[in-house]
Every structure is written in C-alpha cells, then in structure tokens.
Amino acid sequence: MTTTVDEEVTPDTSGTAPKPTKRQRQAAGIADAASGGIMVLLVKLLALGIVDAIALFALFILVTADQWLIAAIVAVVAVAVNWIYFSRRKLPAKYLTPGIIFLVVFQVFTLVYTGYIAFTNYGTGHNGTKEQAVSSLMASSLQRVEDSPTYPVTVVDQFGTLGLLVTDPDGDALIGTNEQPLQQVDAEFDGGKAVAVDGWTTLQFGEVLARTDEITDLAVPVSDDPNEGALRTPDGSSAYQYTSTVEYDEAAGTMTDVTTGTVYTDIGTGAFTSADGEELLPGWQITVGFDNFVRAVTDARLLQPLVYVTLWTFAFALISVGSTFFLGLFLAIVFNDMRMRGRKYYRVAMILPYAIPSFLSALIWAGMMNESFGFINQVIFGGASIPWLTDPWMAKVSVLIVNLWLGFPYMFLVCMGALQSIPDDIQEAATVDGAKPWAIFRLIKLPLLLVTVAPLLIASFAFNFNNFNVIYMLTDGGPRDANAPIPVGFTDILITMVYKVAFTGQTRDYGLASAYSIIIFIVIAVISIIAFRRTKTLEELN
Amino acid sequence: MAKKGTKEHYSWVEADRASGEIMATALDAEAERAAHPRGVRSKRPFNFARWFRATGWRHIVGIVMVVFALFPIVFVVSSSLNPQGTLTGSNALFSKIGLDSYVRILTDPQVPFPQWFGNTILIASVTAVATVFLGALAAYSFSRMRFAGRRVGLVTIVVVQMFPQMLAVVAIFLLMSAISDWFPAIGLNTHIGLIMVYLGGALGVNTFLMYGFFNTIPASIDEAAKIDGAGHARIFFTIILRLAAPILAVVALISFIFTVNEFAVASVILIDTDKQTLAVGLTKLVSNPRYADWSAFSAGAVMAALPVVALFLWLQKYIVGGLTAGAVK
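Quick mapping for you: the protein sequence lines, in order, are chains A and B. Here the first sequence stands for residues 1 to 542, where the numbers follow this note's numbering. Here the second sequence stands for residues 1001 to 1329, where the numbers follow this note's numbering.
Since the hints were made in silico from the structure, they are not lab data. These figures come from a predicted structure and were not determined experimentally. Note that CB positions come from ideal geometry on N, CA and C, so glycine has one too. Do not take every clue at face value.
[Stated by the list, open to error] Computed cross-link-like contacts, DSS-like style, restricted to lysine-lysine with a CA-CA straight-line distance of at most 30 Å:
hint, chain 1, residue 1, chain 2, residue 2
1, B, Lys1096, A, Lys22
2, A, Lys500, B, Lys1275
3, A, Lys445, A, Lys344
4, A, Lys90, B, Lys1226
5, A, Lys90, A, Lys44
6, A, Lys500, A, Lys130
7, B, Lys1317, B, Lys1096
8, A, Lys436, A, Lys344
9, B, Lys1226, A, Lys44
10, A, Lys22, A, Lys90
11, A, Lys344, B, Lys1226
12, B, Lys1317, A, Lys445
13, A, Lys500, A, Lys396
14, B, Lys1317, A, Lys500
15, B, Lys1275, A, Lys396
16, A, Lys44, A, Lys22
[To be verified] To give a feel for the contact side, a few chain A residues facing chain B, derived at Cβ under 10 Å:
hint, residue
17, Leu142
18, Tyr345
19, Val501
All chains should be modelled from the sequences, with the hints used to inform the complete structure.
Structure below.
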C-alpha cells in the first residue's frame, strides 16, 4: 500500500476543511514533536534500535549464507522502517507498518507461495536442489575404500556446524564439513597431528562422546568432484576414505551404479531414472507445470476422492449452517417469550457447548461415539453397536450431529439478538391489521431477521467450509478410503485432505496438497464475490 | 457502532428480563391461587392446559436442549473423576469419585501436560496482546487519518481475511523450515515462530471490529486533546485505547480462544512433544491407539477447558455483542 498524502484529518472535517498550507503543516509538526516527551523519544529509539540490531544480525547471517536476494529484502525493509519512523510525515504508515509486515510475510506471501508449490513436485523424495540430491545419493551409498590410509582427525565446531580437521599423510592440515570439501588451513600441530585452527572450537573428549551420532554421520567430501568420495570417522580420532558405489557424470547428467552397471539418466522428472523406469531417490525439486492439477483430475484413483470430498465439503458446510441456524432460530423464538421463567439458566446451559474449545468437544464426542466402548452405544442405546464413526454414511451423520451441537448456541445468540432488535410496534401494527402470528413471523419478522443475519450465515458457511477441527478430531476424515493412493477418507473435507496429503501419509506430497489448496482458494473467492454482492443487495432492501 | 449495538442489545435483554420477572411473580401468584381455589382472591383457577400452551411446552424444549447441550460435558466431568482409566469404565456416570486421574495426567512423565498448558497460555496470551496492539494501531490510522490507499487498504484486509491461514499450511511449514536453516531461534519448533505466524492474521476481522468502535469515539475528543498540545501518539495511547477498552478485551478474548483452538498450523510447526500446545498434545495423545487412559485425558480436557469457559462466561455479554456487531445494529 502506498501512502502519499499524509495529513492527519479527523473524519468529520475531511470533507469540508480546506487543505492545510505548508506552514500550517510545519506548525502542526512542531507542535507534535513538542508534545512528545523525552520518554516517548527514548522508547521509540530503543524499539528502533532493537529492530535495527535484529535486522543487522539477520543480514550478517544471510550474507554469510549467500542468500543475497533475501538479504536485500531485509535491508530494504529495515531502511524503510527507519525512514518511516524518523520521518515527521508518513503518519498513517507509522501505524500500519507493523501489522502489514506480518500480514505480508505470513499471509499474503504464504498464499502466493502455496500457488508456486502447486506447480512443483515438492514432497518426500523431492525436497531440495539437484546438487543436494546428487550429494545425498553419493553419501547414502558410501563404501569404505579397502586399502585407504588412516587419516588422524580432530573434530571441530563452528557455530554448531561440525567439521573435521584432517592431517593428511604429507603432514598438511585440511578442514572440511558435510557441505564444504576439504581445503588446506594453517593449524596448530601437536605431535604431527593438527589439533586446533583459528575460528573453530576443538571438541573435547566428553563433547565427542556426547555428539557421537552427529560425528559418525559426518562425511566430508575430499574435493568438489563427488566421485572422489569422502572421509568419515567412526570414533572421532581417525578417518578413512569412502567412495560411493554410484558414479556421477556431470557432463552427461547421469548416475551410474558401478556394482550393477545400471545407468540412471536425468529425464526431466526430478529424479535419476534408469532405462526401465526405476527412480533413484531422493530426487530434486522441479516445476512441473500443471502436472499436479492434471494428476488430480485425470487419475481416476485421485479424481474420485476429489469429487466426493468436494461434494461433502459443500454438503457439510450447507447442512451445518442450515441445521444450526434453524435450531438456533427455533430456540430463540421459544425462549423469546417474556412470560417464561428461568430463561437465564437455560441460556447459560445452552451456550456452554460454544464456550468449550471445539477441539476438546470433538475429542470427547469421538470417545462417546466409540463403537464398542462408547457411552452412546453402551448406555443410551443399551449395548447396541452402531458404527457411529466407522461407517461412511453414519460417520457423516455423526459429524453433522456434533457440529450441530457445537454451532447451535452461536446461532441461538445471534437470532435472539436479532429478534429482540425488531421493534415491538411492527408486531402490534400487524396484529391490529389482523395478521395471524405465523403470518407476522413469516412475512415480517423473518425477512427483517434475515437482513441482519445473512452476513453471519455467509461467514458461518465460510467457517464451516474450512472447519478443520471437527472433522480431524472426530473422525480424522475416516473411515479411510482404501482405494485411494493418498490418505483420504469419506468424511474428509478439502482442508483436512490438504493437511493429510501434505503431512500425514507415508509420503508427503506438498505439490498435490497445494494444488488442492488452490482449488479451495478458488471456491472461497467465488463464494466471497457472490456474498459481497448479495449482502449489499440485502442491505438495500432494508 | 459496535458499542452502540452492544448497549442497545443489552438494554433489550435487561428490559426483557425485568418484565420477565414481573410476569414470573404474577405466575407465582397464580399458582398460589390455584392451590387455594376457594380463596377470596381467586378469580381464575390455575389451568394446566393454558399454562402448558403458553409457556409449559417451552420448558420441555428447554429441558431437552439442556440435556443435549450438557450430556457430553457431564460425561467428561464424570469420567475425569473416575479413578479407573478405560473408556468402558467411564460409562457408569459418577459411579466412583476421585482425583486420581488428575494426578495421573499432571505427573505422567510421558505426557507433559503441565508444559502443554503453560505453552498454550503463553502462546495464546502473547498472540492476543500483540493482535490487539497491531490491530488497534491499524484501526486508529484507518479511523482517524485520510490517506491515499485507505479504502484499498480496508478492502484488502477484508478480502485477504476471507482466506484463512490454514489454507497455506504447507507454505507456512516450508517457509518456517527455510527460516530455521538460517535463524533456528524463530523457525520450526519454536514458540516465537508460531506466534509470528499467528500475527500474520492480526490485521483482519479484528481490525474491523476495532475500526468500527473507534469511529464511534467522537473526533472532538481528539481535537480537544490536540488543542491542549497532545501528539498523535499520546492521543492514541492515552485517549483512544482507554476509551476503547471493552472492544480491546473482546478482540483479545476472541484471539485467545482462536489460538487455544488452533491445531493445523501449530501441529506442523511445533515438533517436540514438550513444545506443543494443548490442542496438538491432547489430540495426538488420544489418537495414539496404545493410549488407553481415557479418564486421564478427560481430566486434562476439563482442566484445559476451564480457563476458556470461565473467560467466556465472564465476558459473554461483550463477546456476543462483538460477534454480532456490524450485523445486529
């Protein structure tokens, strides 16, 4: 958002007051500055100092990690923040900047980034760059070279990254880490073995013991050419040379398994693939165009879940809104009678379901609906075994019952408020005109009520469309659909399907999950466009 | 607007209750008269059918609804007091009373319940306070200043908020894991990281509630203060924020409850068991098929729900007003 005009104007005067002249603005600025005490200034300086210190620290880390683009963004944002808060002007920006930074990073950017991921093969086995995949493949197939010399090593640490300080047979000191191949350094020697080097901390015996797992996982490449192998140390004091059973040919872009002679080629699918279609994993991340979307709608085993999940999402949201609204409205009408005693107590008891955190309610209901041990089957139905959560259709009914339980108090409160805000004289006038109670309700009260409640119904629909907790805690989307290659079940709604595809299966498929997110995104966009138009027309009715 | 709505709504309820009370005393008298039909005062005998048609059936509806609303709550309280662990053992309501399961869930070394509780309170409180602060800052500028892009800004906030953060849970996870490569202190598996993610949603519906409320505070108050020499910051901190305290409380509470309830994002960001929140921890606990201690879970659920329910009931008038503000005017 850009802010170009920065006068501080009160709403009432904005239409009529003439634009302040430059002198007036200067005067206002001086008055403003004079009114702020020294404490305010100190607090401001302190806060900006902290922000700048964090930004500088971040810049330092990012530059050392060669992340120039992100470093540049951080620098620009930091400069902008300083400029905004030291400037006499830019008043609205002073108030908007903190919120906008979070909004942009964690809401706008993540939504855009979701769109990008939907076009990649990101997921288990396709997590990083091609270089990372190559080195990981090489590292995972390392074998000790039979007659390799023994290298005396010292384990060293720099900011938590472990490295090996190696003394080679010629007596030179070399240092390297998992990512950084060995390079020569000047080191302190003790009895022909390099023991310390500037900038690195030498690990003591106790620390070596404590970090054994990390140390035995270290594989320091001998040189930039991954085919030359790596040094590994089983004990933290001597290392041996290991080479990989696969050979990487960078020019041809192929991996060759030297034990079997199979050649794996990069055929553009994000993994080295042999002639008969066998993939070497891990692969790497590539953009795959519309593949995820095409896969979602052309693969019959994926299309079927997508169709029933989408239909159920709409059905679930619509029925939930409808059932909670009608029950809430009915109760509001019932309890909106002044002659009735004890309405306050009924009211408190009935809003309790709304006050309890919904994840807890759903978990409790899941326990009560347990087929063999649950309260509902054992006590209420006297030992029946109704498959509340395990039959595809019963599970849907159960989800709706539980969501009705969770949602009716809200609608009850809303309808109660709306009914009471309808003036009594309307009803009196209608009665005088001879209208029957039902006609008064249907023709007068209900339309008036709907005008006020319609935006909340739409909001409620949008909420239930993504009502993750009820589905996930109650049925976990189950019963599981055994035919689908992704973890999806018959009560899953779109948002739980996204979550499960991305995080709970045997393999994580971020690309496909993001593609599903985009589908939800589009649905919500369409609904909100319709909703915004519709509510406007509804308001004009009033 | 919101304040007005709340007040009006409230006064309606008040008036209603008062007249309800009058009617109630009248009914009492009527019942008494029914008991002494030959009394001099008796004009109209108590007619059950008439009473039932007027209000009696409403009580039946009320009782049915109260049973429906309360039986899961009664069940969980009962099973939390049951010293036995199993789900089956919890079916006989209030057959045994004891606090054993509370002790079990609080002391089980495998289940860091007290830590989950602390994490949840910490994360939800910080998020609530920061949300209120960021939202109030933005609402103040939208309400009191006119600048290019103001309308666009307001519309953007509404539109962006139609898309819940949960939709981008994959991207949030990948973003946070990228951040942890360089800044492990604010990346995955940290509370600060999770709070930052939640603050991405700070400008939104909440800002709108506050914006509406700020608009109802007369601008003449600002002007008077300005004439007395107060700067914009002083007006904001010492005048607007004080006058808007009720709506700030509502927004803080809504944000608090939302954060306590949030599972999807919290579950992918908080990895270590002892860093997790109640929602993540308790859900993973009962979904583990080897965990059979239903009473201990119930005890945990009761303890987890209590602060939220207490806050909710305490501030319910304001919450209901806040939730329906903008719609019920």
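Structure-based check of each hint:
Using a Cα cut-off of 30 Å, the hinted pair Lys1096 of chain B and Lys22 of chain A is violated, with the two alpha carbons roughly 80 Å apart. Pair hint Lys500 of chain A plus Lys1275 of chain B holds up; C-alpha atoms about 22 Å apart against a cutoff of 30 Å. Taking the CA atoms of Lys445 of chain A and Lys344 of chain A, the gap is near 23 Å; set against the 30 Å cutoff, the hint holds. As the CA atoms of Lys90 of chain A and Lys1226 of chain B are separated by approximately 18 Å, the hinted pair is consistent with the 30 Å bound.
With a C-alpha separation of about 15 Å, the suggested pair Lys90 of chain A and Lys44 of chain A falls inside the 30 Å cut-off, and the hint holds. A hinted pair counts as satisfied when its Cα atoms are at most 30 Å apart, and Lys500 of chain A with Lys130 of chain A qualifies at roughly 27 Å. Taking the CA atoms of Lys1317 of chain B and Lys1096 of chain B, the gap is near 37 Å; set against the 30 Å cutoff, the hint is violated. For a cut-off of 30 Å, the pair hint linking Lys436 of chain A to Lys344 of chain A stands: about 29 Å separates their Cα positions.
Pair hint Lys1226 of chain B plus Lys44 of chain A holds up; C-alpha atoms about 21 Å apart against a cutoff of 30 Å. At most 30 Å may separate the alpha-carbon atoms for a hinted pair to count; Lys22 of chain A and Lys90 of chain A meet this at roughly 15 Å. At most 30 Å may separate the alpha-carbon atoms for a hinted pair to count; Lys344 of chain A and Lys1226 of chain B exceed this at roughly 46 Å. Distance check on the hinted pair: Lys1317 of chain B and Lys445 of chain A sit about 24 Å apart at the alpha-carbon level, within 30 Å; holds.
A threshold of 30 Å between alpha carbons decides the hint, and for Lys500 of chain A with Lys396 of chain A the separation of about 18 Å falls inside it, so the pair holds. With a C-alpha separation of about 38 Å, the suggested pairing of Lys1317 of chain B with Lys500 of chain A is violated against the 30 Å cut-off. A hinted pair counts as satisfied when its Cα atoms are at most 30 Å apart, and Lys1275 of chain B with Lys396 of chain A does not qualify at roughly 34 Å. About 26 Å separates the Cα atoms of Lys44 of chain A and Lys22 of chain A, which keeps this hinted pair within 30 Å; it holds.
Interface restraint check: Leu142 of chain A against chain B, minimum CB-CB distance 24 Å, threshold 10 Å, status violated. Hint status for Tyr345 of chain A relative to chain B: holds, with the closest Cβ pair at about 8 Å, below 10 Å. The beta carbon of Val501 of chain A comes within 9 Å of a beta carbon in chain B, closer than 10 Å, and the hint placing it at the interface holds.
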